[in-house]
Every structure is written in structure tokens, then in C-alpha cells.
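Trainee: Protein chains in written order, with the numbering used here: chain H, 108 to 250; chain G, 1106 to 1259.
No wet-lab data here; the hints were simulated from the structure.
Some hints here could point you the wrong way.
Stated by the list, open to error - A few chain H residues facing chain G, derived, Cβ under 7 angstroms:
no. : residue
1   : PRO129
2   : SER152
3   : GLY219
Please read these numbers as outputs of a predicted model, since none were measured by experiment.
Every residue gets a Cβ at the ideal spot worked out from N, C-alpha and C, and that includes glycine.
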Amino acid sequence: MPASWVEDGSIPDDCRLWRAIPEQSLYPVDLITGDQDCSDSAFRSQEVSVYAVAETTPQALAAKFPGLRFRELTAGDARKFGLLVVRDPNDDGDTSHVVIGRRDVPGSRLTGGQAANLKKASLWADLGPGQFPPTPGPAEPIA
Amino acid sequence: MMPDAVTTPILEYRNDRQPQVRRRQLGPIVFVQSSWEIEPILAALRLQSLPHGWDRAGSPPPGDAALDRTIEIISSVAKLGFDDITAPHVFPVPGGGVQLEWLQGARRLEVEVLPDGSTQFVTVRDGDPLGEGEYPLWPPTEAKSLFSWLVSGV
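This is chain H alone, in the form it adopts within the complex (with noise of 0.2 angstroms):
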């Protein structure tokens, strides 16, 4: 939990936050390409854990939380649903994590249409449990 409900305006809005979604959260909606969705269930909490990929990678945040998937949305989105984007540092030093929740109620949960809001704010980060698209490299030269 962070240490106060405050928030950390050095986080800007164009911030990428990724949220491990659990296996349980998701469904599929199509059988035949195997695409699935999740449910906001997975954002109905007192406190949304996420993390700044910038200040990570993907590998790392796999590592931290196998076989899970990533949805991604930015700082600005959760400010733009009224709430507040804190960091929290784990545990295990890893500064990276960053809390978001209530601003009308800090430390409270979320109501359902705040994680509806989220949810739908977001995106999916990955293909896949630790399957992450290729990294753009420098463009080629035109022969």
C-alpha cells in the first residue's frame, strides 16, 4: 500500500502502465483465432497494481509474474476516470510500481464503473503469456 494516497504528478500522462491480468480474468472471444478478452473483475481492487514499462521491460515483468498477461494503459487515462496515479516502490526494490486508485475515497476500492472505465482503456500489451511483439530496430537503408 503506498505510503499516502497522493498524487505523483512526476508520473506524466503519456506514462505506459502495463496490469498483469490473471488467467482467471479472461475469456475467449473467438474460438477459432483464440483471441480473448478480460474482465474488469481483473481492476476491482482497493489498490490497481501496474507498472511503468519504461522503467522495466516486458521480459522482466513476465519473469515477475509468469504465465500472466498484460494489459496496457497510460497515466492519463486513469486521471482522465478521476484517479490518482501513485508510486510504490516493492518490496524487492523495484521502483517501477506504480498504484492506482481512488481520488474521491483514497483507499478505497474501485467501483465497478471505474474498472469498467479502465478496462476498456486498455489494451492488450502482449500476443500471448510472455509472447511480446518484436522490438521496432533501426530502419534499413533504401538500396
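Here the structure of chain H is known, so what remains is to put chain G in place on it, guided by the hints.
Mentor: Chain G in isolation, oriented as in the chain H frame:
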């Protein structure tokens, strides 16, 4: 009382639509009236077997209060008389709750059962929340209005 986690529940399907059909949980036996109730009730009961920390954040599996209320809600919805309601998805919620989600096209009705058995609902269309509040366990007409909204968009 909920059955033990290792107990396979027995579900008895009665297609007689009689309002006096007994629906209480009798040990491992759960009476159901509609066939769509079976899978979500089984899914809810399976949540008892989730390991502590299933969400990698220390959450417990749903307890008896949440599961009893979840089954009660599923059964009560089946009594509302809608022929076009499908089975809800059943999800565990961080902290020890259960969430039921009924999907009908672009409309979604979510009912969250908190660990103490209290209930909340949210209506969602195209991913946007429209309304939320305490889920009306009684009177049934209030719950019926939520499901009327759900099926009216199909």
C-alpha cells in the same frame, strides 16, 4: 453451508417452472430450474479451489458467504422468467469476491458479490459504464428491470 472444495456437487435440473421448486443448497446438492444455471454454478463452486494468491497479489479464493450469495443470485435470475438470457461468465475478484457478467450484444450487466456477501451491479454498453449501485436482491421486480434492459438491446 457450501460443500467442501473436494466435493463434486450434484445438480438436479427441473424444467417445470414451478415457483415453489426448492432451490436451496442441501449439502452438496444444488437444485436448479434452468439448464443455463448449471455451468455458472459449477464455475462458482470451482472458485473454492483457487490457491491463495491466485492473482499473484495475495488474494484469497472466494469464501462461503460470497459463493452462497453468487448461487442465490444465479438462481434468482433464472426465476425472473426471461427465455433469452444466457449463462453469465463467472470470475473471481481480487480480495475474495465473485463477479457475474451477463453479455447480450453490446450490453453487459455485471454483478459483483463482495467477500461479505453484499452485492453491487454496473450496467455497461459498448464498454462504457452507464449506471451502478447496490444489486437489488429484493424485490425481484428491480432485478427484473436490470435484465429487461440487458435483453432489450438484442
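Trainee: Does PRO129 of chain H pass the interface hint, meaning its C-beta sits closer than 7 angstroms to a C-beta of chain G?
Mentor: Status holds, d = 5 angstroms.
Trainee: Could you check if GLY219 of chain H really has its C-beta closer than 7 angstroms to a C-beta on chain G?
Mentor: With a minimum Cβ separation of about 3 angstroms from chain G (threshold 7 angstroms), the hint on GLY219 of chain H holds.
Trainee: Can you verify the interface hint for SER152 of chain H: is its Cβ closer than 7 angstroms to any Cβ in chain G?
Mentor: Given a least distance of 5 angstroms, the restraint on SER152 of chain H holds.
Taken one by one, the earlier hints all hold for this structure without exception.
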